[in-house]
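Chemist: Each chain, letter by letter, is given below.
Protein chains: 2
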Amino acid sequence: MHWPRLRRVLEGVSPVTDGEFDRFCALLVPMRFKKKQHVFTDQEVCRRLAFVNEGCLRYYLVDNKAEERIIYFAQEDWWVGDMGSFFSGNRSLYSLQAMEPSELLTIDKDAFETARAQCPVWEAFYRIKTAQSYSATTDRYIQFQSLSAEEKYLQLMKKSPWIFQRIPQHQIAIYLGMKPQSLSRIRKQLAERGPIS
Amino acid sequence: MHWPRLRRVLEGVSPVTDGEFDRFCALLVPMRFKKKQHVFTDQEVCRRLAFVNEGCLRYYLVDNKAEERIIYFAQEDWWVGDMGSFFSGNRSLYSLQAMEPSELLTIDKDAFETARAQCPVWEAFYRIKTAQSYSATTDRYIQFQSLSAEEKYLQLMKKSPWIFQRIPQHQIAIYLGMKPQSLSRIRKQLAERGPIS
DNA sequence: CGTCTATTTGAATGTACTCAAAAGCGGTGG
DNA sequence: CCACCGCTTTTGAGTACATTCAAATAGACG
Numbered sequence: 017m018h019w020p021r022l023r024r025v026l027e028g029v030s031p032v033t034d035g036e037f038d039r040f041c042a043l044l045v046p047m048r049f050k051k052k053q054h055v056f057t058d059q060e061v062c063r064r065l066a067f068v069n070e071g072c073l074r075y076y077l078v079d080n081k082a083e084e085r086i087i088y089f090a091q092e093d094w095w096v097g098d099m100g101s102f103f104s105g106n107r108s109l110y111s112l113q114a115m116e117p118s119e120l121l122t123i124d125k126d127a128f129e130t131a132r133a134q135c136p137v138w139e140a141f142y143r144i145k146t147a148q149s150y151s152a153t154t155d156r157y158i159q160f161q162s163l164s165a166e167e168k169y170l171q172l173m174k175k176s177p178w179i180f181q182r183i184p185q186h187q188i189a190i191y192l193g194m195k196p197q198s199l200s201r202i203r204k205q206l207a208e209r210g211p212i213s
Numbered sequence: 017m018h019w020p021r022l023r024r025v026l027e028g029v030s031p032v033t034d035g036e037f038d039r040f041c042a043l044l045v046p047m048r049f050k051k052k053q054h055v056f057t058d059q060e061v062c063r064r065l066a067f068v069n070e071g072c073l074r075y076y077l078v079d080n081k082a083e084e085r086i087i088y089f090a091q092e093d094w095w096v097g098d099m100g101s102f103f104s105g106n107r108s109l110y111s112l113q114a115m116e117p118s119e120l121l122t123i124d125k126d127a128f129e130t131a132r133a134q135c136p137v138w139e140a141f142y143r144i145k146t147a148q149s150y151s152a153t154t155d156r157y158i159q160f161q162s163l164s165a166e167e168k169y170l171q172l173m174k175k176s177p178w179i180f181q182r183i184p185q186h187q188i189a190i191y192l193g194m195k196p197q198s199l200s201r202i203r204k205q206l207a208e209r210g211p212i213s
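Going line by line, the protein sequences match chains E and L. When we follow the numbering used here, the leftmost residue of the first sequence carries the number 17, and every step to the right adds one. When we follow the numbering used here, the leftmost residue of the second sequence carries the number 17, and every step to the right adds one.
Please keep in mind that the hints were generated in silico from the structure rather than gathered at the bench. Don't take every hint at face value.
Note that the list lumps identical chains together, so a pair holds whenever it fits in one copy or between two copies.
Heads up, simulated SDA-like pairs for lysine to any residue below, C-alpha to C-alpha not over 25 Å straight-line [said to hold, decoys possible]:
(1) Lys195 / His18
(2) Lys195 / Arg156
(3) Lys168 / Met194
(4) Lys174 / Val78
(5) Lys168 / Gly28
(6) Lys145 / Asp126
(7) Lys50 / Ser162
Using the sequences plus the hints, can you model the full thing?
Modeler: Below is the structure:
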């Protein structure tokens with residue numbers, strides 16, 4: 017099997033030979049998930065990291081006040097999973113759920129270690145991506161503190177317009193850390209204030 | 017030079033031989049910083065990651081509203097620096113400043129790559145720590161959303177009591193994402209409500 | 001002792017929330 | 001095709017938590 021999307025993503029970090037790519041792909045297990053199906057839920061260990069070959073998912077938790085909190089939405093070309101749980105073997109606090117029928121290419125811990133030893137591109141890829149994700153999460157933490165609800169909405173429109181094509185509005189509100197009612201009001205205000213622009 | 021704190025921290029991940037530890041230490045440059053001195057500031061590239069052998073620092077930025085936001089306080093045994101800037105070579109958004117006279121053991125990018133190739137303990141250490149930091153930051157992002165100002169304060173008391181021994185209260189308030197006045201009020205309320213406990 | 005900074009306190013304000021209900025939308029089955 | 005049901009989005013009124021602005025008090029350092 018080819019998985020051209022995956023190949024393109026890996027090439028983004030360093031060139032890959034056919035042989036190395038095939039070796040890597042041999043370690044992956046493709047899996048399909050129906051809409052609303054969970055890849056894993058909280059209270060279980062995340063045993064596989066996964067590449068989103070097709071579809072759209074949300075990574076979320078239910079907090080101590082029984083509120084859902086969404087960490088991210090993922091679409092094609094994203095890697096998903098709970099690295100903390102994956103490496104430590106502890107149960108995850110988070111859940112990963114398909115928002116649309118999705119196809120994932122998954123790798124378990126043994127395959128991960130094999131790939132790390134035998135596929136330089138994979139070693140480089142996840143090393144770089146982990147550091148980038150860490151940075152990006154720190155940036156997001158700060159943005160969450162700094163921005164008002166309206167600013168968060170406008171920023172998301174600018175940075176991730178695809179989300180508005182695939183995700184219902186009340187989920188976007190939760191992702192932005194606000195109530196669906198608040199997002200609705202913000203949209204109304206913006207529509208009134210700036211129909212021109 | 018011995019650097020027993022550093023050795024103990026590395027041993028936390030995997031055993032180290034004297035030879036490997038010496039090889040690693042030879043790649044480090046010790047540096048001292050006075051109180052309030054910056055290790056690096058925003059607008060410059062973070063060229064060194066550093067181990068806190070002694071002292072206490074804060075990692076912060078000035079946001080788009082000209083407000084200081086503190087990402088973390090670090091004390092002995094922490095590794096500090098902006099990994100995003102360090103690896104990408106882009107200017108950092110963040111600044112790192114000594115809160116007390118501090119001694120750092122620093123490593124630049126060349127030494128880092130050398131160490132990664134030649135010191136297995138270092139390769140394993142930063143790989144594991146990066147993933148852990150990423151997880152921890154995600155957890156913190158969620159906590160920031162979920163908890164009230166008072167809950168954040170109580171949680172910090174429980175999880176990082178050392179901070180209250182070394183850091184002035186208004187800096188703690190900023191770290192918790194609130195105004196110094198708010199933290200003062202919260203402390204007052206808690207003192208009134210629960211002198212018994 | 002005096003100055004500078006940190007902390008506390010008060011009063012008024014604002015942003016986003018809660019509770020509640022109405023309107024809109026999409027899919028299903030009669 | 002239409003009627004109904006469930007879910008999403010909108011709207012309204014009142015509330016809460018933390019903020020702003022302002023000033024007083026306390027504490028640290030030279």
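Chemist: Tell me, in ascending order, the numbers of any earlier hints that this structure violates.
Modeler: Checked against the structure, the hints that fail are numbers 1, 5 and 7, while the rest are satisfied.
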